[in-house]
Structures are given as C-alpha cells and as structure tokens.
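Model the full structure from these sequences, guided by the hints.
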Amino acid sequence: MSKATDATIDHFVKQDYKWGFTTDIEQDSLPAGLNEDVIRAISKKKGEPEFMLEWRLGAYRKWRGMEEPRWANLRYPTIDYQSIVYYAAPKSKKDGPKSLAEVDPKLLETYEKLGIPLHERARLAGVAVDAVFDSVSVATTFKAQLEKAGVIFCPFSEAVREHPELVKKYLGTVVPPGDNFFASLNSAVFSDGSFCFVPKGVRCPMELSTYFRINAANTGQFERTLIVAEEGAYVSYLEGCTAPMRDTNQLHAAVVELIALEGAEIKYSTVQNWYPGDENGVGGIYNFVTKRGKAMRRAKISWTQVETGSAITWKYPSVILQGDDSVGEFYSVALSNMRQQADTGTKMIHLGKNTRSTIVSKGISAGHGQNSYRGHVRVARGADGARNFSQCDSLLVGDKCGAHTFPYIDVQNPTAVVEHEASTSKIGEDQIFYLTARGIELQDAVNMIVNGYCKEVFRQLPMEFAVEAQKLLGVSLEGSVG
Amino acid sequence: MDTLLEIKGLRAGVEGREILKGIDLVIRAGETHAIMGPNGSGKSTLSQVLMGRHDYEVTGGSVTYLGKDLLELETHERALEGIFLAFQYPIEIPGVNNVYFLKAAYNALRKHRGEPEIDAMDFLAMVKEKARLLEFEDDFLRRSVNEGFSGGEKKRNEIFQMAMLDPRLAVLDETDSGLDIDALKIVAHGVNSLRRKDNGFLVITHYQRLLNYIVPDFVHVLVDGRIVRSGGKELALELEERGYECVEQHAAA
Ligand SMILES: Nc1ncnc2c1ncn2[C@@H]1O[C@H](COP(=O)(O)OP(=O)(O)O)[C@@H](O)[C@H]1O
Ligand SMILES: [Mg+2]
Numbered sequence: 001m002s003k004a005t006d007a008t009i010d011h012f013v014k015q016d017y018k019w020g021f022t023t024d025i026e027q028d029s030l031p032a033g034l035n036e037d038v039i040r041a042i043s044k045k046k047g048e049p050e051f052m053l054e055w056r057l058g059a060y061r062k063w064r065g066m067e068e069p070r071w072a073n074l075r076y077p078t079i080d081y082q083s084i085v086y087y088a089a090p091k092s093k094k095d096g097p098k099s100l101a102e103v104d105p106k107l108l109e110t111y112e113k114l115g116i117p118l119h120e121r122a123r124l125a126g127v128a129v130d131a132v133f134d135s136v137s138v139a140t141t142f143k144a145q146l147e148k149a150g151v152i153f154c155p156f157s158e159a160v161r162e163h164p165e166l167v168k169k170y171l172g173t174v175v176p177p178g179d180n181f182f183a184s185l186n187s188a189v190f191s192d193g194s195f196c197f198v199p200k201g202v203r204c205p206m207e208l209s210t211y212f213r214i215n216a217a218n219t220g221q222f223e224r225t226l227i228v229a230e231e232g233a234y235v236s237y238l239e240g241c242t243a244p245m246r247d248t249n250q251l252h253a254a255v256v257e258l259i260a261l262e263g264a265e266i267k268y269s270t271v272q273n274w275y276p277g278d279e280n281g282v283g284g285i286y287n288f289v290t291k292r293g294k295a296m297r298r299a300k301i302s303w304t305q306v307e308t309g310s311a312i313t314w315k316y317p318s319v320i321l322q323g324d325d326s327v328g329e330f331y332s333v334a335l336s337n338m339r340q341q342a343d344t345g346t347k348m349i350h351l352g353k354n355t356r357s358t359i360v361s362k363g364i365s366a367g368h369g370q371n372s373y374r375g376h377v378r379v380a381r382g383a384d385g386a387r388n389f390s391q392c393d394s395l396l397v398g399d400k401c402g403a404h405t406f407p408y409i410d411v412q413n414p415t416a417v418v419e420h421e422a423s424t425s426k427i428g429e430d431q432i433f434y435l436t437a438r439g440i441e442l443q444d445a446v447n448m449i450v451n452g453y454c455k456e457v458f459r460q461l462p463m464e465f466a467v468e469a470q471k472l473l474g475v476s477l478e479g480s481v482g
Numbered sequence: 001m002d003t004l005l006e007i008k009g010l011r012a013g014v015e016g017r018e019i020l021k022g023i024d025l026v027i028r029a030g031e032t033h034a035i036m037g038p039n040g041s042g043k044s045t046l047s048q049v050l051m052g053r054h055d056y057e058v059t060g061g062s063v064t065y066l067g068k069d070l071l072e073l074e075t076h077e078r079a080l081e082g083i084f085l086a087f088q089y090p091i092e093i094p095g096v097n098n099v100y101f102l103k104a105a106y107n108a109l110r111k112h113r114g115e116p117e118i119d120a121m122d123f124l125a126m127v128k129e130k131a132r133l134l135e136f137e138d139d140f141l142r143r144s145v146n147e148g149f150s151g152g153e154k155k156r157n158e159i160f161q162m163a164m165l166d167p168r169l170a171v172l173d174e175t176d177s178g179l180d181i182d183a184l185k186i187v188a189h190g191v192n193s194l195r196r197k198d199n200g201f202l203v204i205t206h207y208q209r210l211l212n213y214i215v216p217d218f219v220h221v222l223v224d225g226r227i228v229r230s231g232g233k234e235l236a237l238e239l240e241e242r243g244y245e246c247v248e249q250h251a252a253a
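If you're matching them up, the sequences are chains A and B in order. The numbering of the first sequence is my numbering, which starts it at 1 and goes up by one. The numbering of the second sequence is my numbering, which starts it at 1 and goes up by one.
Everything labelled a hint here was simulated from the structure, so no lab data went into it. It is possible that some hints are incorrect.
[Claimed, not checked] Sample of chain B residues facing chain A (criterion: CB under 8 Å; computed from the structure):
#  : residue
1  : Met51
2  : Arg53
3  : Thr75
4  : His76
5  : Leu80
6  : Gln88
7  : Ile91
8  : Ile93
9  : Gly95
10 : Val96
11 : Ala104
12 : Ala105
13 : Leu109
14 : Leu237
A virtual CB, placed ideally from N, CA and C, is assigned to each residue, including glycine.
Set out below in structure tokens:
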C-alpha cells in the first residue's frame, strides 16, 4: 500500500468516538456482586409479581452451574462477575416517569446529544422510541397512538406488571433461562428492556425504536426484549446503542426473543455503537448478546445489524424456522478496528418444510481489528425442500487486521439446497486510484468503497437508520439519482 | 500559444526498475497528440505517472502543467486542476452507483472552483445529454461503477465520465482496444465533440485505426521508455505499414 493510502486508512480507523460523554445524574444502585438477595432486591425494586422472581431465581441457579463459553475467536481477560453492579437507575421521586414531562431534563439532553430528541424528531420521523438508560426505560413516546392500533410497546418492567399473562406465556419460549451462560445471567438479573406485542392482523403503524445507553460506571447492562407478532401481524423494530468512554470494560449481556406466529413478519434492525475502547484496547464494552427468533408457518423474521462498536462482540442473531414455508434472513455489517474483536454471525435452524433462509455478512477489519464470521445452518430431517443461501464477505483495510470465517453446515435432509459463498478482499489500491483520479479525496474514496461494499445490508435498514449507519462508517449517503 | 503540459527528461519506474527513460513532450492548448508503441513500452506507465499513481517512483525530470509543478500534486488535485485519465482497464467499484459517483466527482470539481453544488435536476439533465452523446442506455447509469460492464461498455463509460468532467487535458489510454467499429466511432465522436481551442488530448494507442477517427496533430512513437520518433499524422500510417520494428531499429541506431 502506498503511504497516502495508509495515512487515509489510519485516519479512517482512528475516528474519535463522539458518543463518549457521561451524564451526571443521581443513581440509585445496588452494591456490586451477585447472589439471591441481589436478585430479590432487583425484583422488589421493580415491583414484580411472584412468578417473575421465581423465574429469575431459577435462571440464577442454572447459571451458577454453568461455565463461561470460550469457544469464540475472542481474547479477553477473565470477567469478575462479583465486581459488577447489577442494578443502577437514575433516581427519581416517584417510581418512574409517567410522561415525557416527568423525565429528568438531563436525560433528555443526553438523548439530544445522541441525536434522538424524544419529542420532535421522533414525531417527525414517525418513530416510537423507548429509551433504556442504564437499567430502566425512561420514556416511551407515541404510546397513545400505538394503543389505538392495539399495539403494546412499553418498558419490559411495565409489561411484567401490566401484562403478566403475555409475559408469562412467551418469555423464555425462544431463549430459555438455561440456554447459555450469558442468557442465563441475563434471565436472572435483567432490569429492563422493551416489550412489544402486535395483535393478530395488525400492521404496526410506525417503526418502533429503542435506544440503549450505558451511563453508570462498573455497571452491567442486561436488557430483555420480547417481541410478539400474532398471526398476520407486521412490525419493524430498530435498536441503537451507545455508551460513554471509560477505561474499564463494561459488560453488556442482553437477550432478545422474537416470536412470529403464522404469517407474521418481524424486521429487527440494530445499529450497535457501544464504546469500542481506545487504540490500545483499553476500555470498551464487552457485548455478549443472545438474539433469537421463532418463525411459525409462513412467518418471516429478518435480522439486520450494523456492528461498529464494542471491544468484544459475541452475537449470533438466529432464526428457528419452525413452521412450514417460514423465512429467516440475516444481514450484517461488522466493523472491527483498533483492537476490537468481533465474533458474530447467525444460526438458521430449518425445522419446517420449504423453509428458506438468507445470510449476507459483510465483515470489515481495520487497524488491529479481528473479525470472525460464525454461521450455523442446520436442516433437520423433516425439513423437505429447505433452502439456504449464505454469502460471507470480508474486507481488509490495512495489513495488521484479520478476517476469519467459520461456517458450520449440518444438513440431514437430502432435498435441501444449501449454498455458501465466501470472499476476502483487501481494499483495492486500484479502486482508490480510480476514484481519486476523478477528483475525489482519499478519505472520501475509502468511504465510498466501504459504503458500496456494505450496500446490500444498508439497503435492508429503514432510511433513518441507513443514514446513521453510513455516517458511522464515515460515509455520506448515496445519491437519490439513478 | 498556451502550453498545457511540458514533460522534460521524465524518468520513472518501480522498485528500482526504470520504465520511463527520459521522456520529453510538449502539449499546447488545442492540440491532440498520439503516442503509439508496442506492448510493454511504457505507455500506461506514462499515463499513470501523469495522474500521480504512487506505485511509480519518479527518478528524474519534471512535468509542468499550466505553469505548475505537476509532480507536487496528489492524484485528486491533478484531477481537480483539469487532468483526466481514461483508464486502459477501468476499475469496478461494487455497490457504488455510477451516477452517484459521477456526482461526487462533479461536485468535487465545483467545490474546488468555489462554486456551489449542482442542483440535482440540472445534473440529471446533463447526465442525460452526455449519455445520449455516448449512446448510453439509462440502465447503465443505474448500475454500479463498471460492475458487470463489458469491455466496450467500460471504455465508453470512461469517455462518458470525461464528457461530464470536461477536462483541460485528457489522457486516453488505449481507449480503442476491445471496441468494435461501431463503438469506436461512438467513442471517437464523443472525443471529437469535446476538442476545443483551450484543451488538449494525449491519445495512447497500439493501433493506427483509432487515429482515422480521432485525427492527431502529432504522433510520437514510444519504444522501451523513450520517444524514438515524432511526426505528423502520416507517421501513424507509416507505422501501420512497416510495423514497429523499423523504428525500433531506428532507436537502436
Ligand atoms: N506496477 C508495476 N509493477 C511492475 N512492473 C510494471 C508495473 N507497471 C508496469 N510495469 C512494467 O513496465 C513495463 C511497461 O508497462 P506499461 O506501461 O503497462 O506498458 P504499455 O502500456 O506500453 O503496454 C512492462 O514491462 C510492465 O511489466
Ligand atoms: Mg498499457
């Protein structure tokens, strides 16, 4: 690579983390450490019914007997689970804000800085936002409009209190409390998250959105999200995440469960921009997330993720294609720069007949970043006519980074068709020369190439998020012409 | 007359191997020069050195463009100052829309000249007009830059870009190779319609054929990194008849 290109790449790689501010707000938190008393205290603070506490304790007992998985292509020091604070919430006079007017203005300011003013822009954009700050949901906009359509969209803790029958019916049906180490931990200590229920035949009238923000130091964040789309319902859900810059690592272990009943469709998009740590790998979020959906007959679940943040990413949004003719999709852009490590991918479990899945993964490694794609396509014996297409591309920016691909394919039905394509390329000197020879600056040229490379995935995002995602990669929006 | 480009004793190479061994060439406004030469003689190297490709190290000589030291400028600055290179092998940029790319390039030029960004409708009108000139289908414009284009389509796309960016000095590197006769005529027509008193062309070709359609004022023969003969347009015909061997012998003499 030429010097000029290296300089650009350096610049590209070393963009400052703009979301690294902290907010000075009085916190109500529990002491660090985890035991049954802590879980009881969390449950009590949230005013939960008995069944929820029992569920948590059950998960905790399972978790105690489990070991942290180490099979991923990730290197990080041992996590001391007793030094983590499992509950921290902004202090408020009452139990929780009843409306936007009651939300601490400092919090609202934080969201302004994040670029998601709760009132104006959300309204303009027609996005209903649920914002989770550390462990509690602060405000949910658009509630009334959604209620009219019969859609329930509220903080998880509120759902536990107000719709216990729905929570009881669906919670843990896709990711059971003993599923894996991080999911069990989450099941024991989750403090909030979002709940969404779209009744039979209803097309959710707007995009739903959650913004997650870790603020307090030494605090783990454990959101729990549950989305249920009944027969023939449709919902598109967006999730954004940022965190302040801190020089200690923070743990984020979330669980997302999606349930798409017959003929329903759920589109789940994430722009993950947790603090990645600095150039030397100090600080940053450890992101261990379990995301899974279950699609019944003719249902469709689509995951789109743009992962640019976190020091460590361990994340495999998956679809259980349970019903015949169900569809699963996974579109991913994962960028690892500086010392970031990402081990991410998906699982597509074909159980029903004529089930179809598509996987498009675009990894970008820059700086000293390590990017691994890990995918599992399983076709069960009874899944006649199942089809999968996977495309896993890796782009290397510079020569100190790495890209790895671990595709696992397990086909037990002879009528299944599984296709896997993979490519690894270096960002081309030829391409950069071609663009600069047309008067485009190096930085812009690199951005344009990376943006073009990710296009297939960005196209899946709702417009607002696509813009943000492109900005995150230092790219301006592709024109409306043509 | 205005001198656009003055190359003096230019030497350049890669990793210690010299490819250009002292090139002298002057292009004045309003002139079209042709460089002919056998494969491997250094034609593309010259074009890419003029465009500032970092792979090549300039080891001697100078290049002055409109009175400025061209070798001091970065590639994108050269483009912004009005130099255009039509690539021998145009590059594919997957996922980047042709028109979007052109608009970025066009606006970079405007910005450089202190002009505001072009209005989207005006730009589209201009695109349509130039596309007609090159007999481009609309479908072309919607595709990614050069992706899935045939060899001929890529070459036409280069000339289309040139027409959009309207350079002062255009270097065409074997734009004719891989074109059938109809495409060649379209490309030549596109180039000829851009020839003016204030701009200049350096047309690199292996074959005389193109020069029937883009008639040069001067022809230079490049052999092994040196210009061994220069003359009028009739030199091209002589080469066609007698082959490069005669000039190669000439060079050795
Ligand atoms: N980037 C490069 N690295 C190594 N050798 C090169 C490079 N570019 C050109 N050359 C060599 O220089 C000589 C001239 O090449 P080129 O300029 O492409 O010739 P032409 O365009 O006249 O066919 C050839 O021998 C070619 O192999
Ligand atoms: Mg050549």
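Hint check results:
{"no.": "1", "hint": "Met51", "verdict": "holds, 5 Å"}
{"no.": "2", "hint": "Arg53", "verdict": "holds, 6 Å"}
{"no.": "3", "hint": "Thr75", "verdict": "holds, 4 Å"}
{"no.": "4", "hint": "His76", "verdict": "holds, 4 Å"}
{"no.": "5", "hint": "Leu80", "verdict": "holds, 5 Å"}
{"no.": "6", "hint": "Gln88", "verdict": "violated, 12 Å"}
{"no.": "7", "hint": "Ile91", "verdict": "holds, 4 Å"}
{"no.": "8", "hint": "Ile93", "verdict": "holds, 6 Å"}
{"no.": "9", "hint": "Gly95", "verdict": "holds, 3 Å"}
{"no.": "10", "hint": "Val96", "verdict": "holds, 4 Å"}
{"no.": "11", "hint": "Ala104", "verdict": "holds, 6 Å"}
{"no.": "12", "hint": "Ala105", "verdict": "holds, 4 Å"}
{"no.": "13", "hint": "Leu109", "verdict": "holds, 6 Å"}
{"no.": "14", "hint": "Leu237", "verdict": "violated, 32 Å"}
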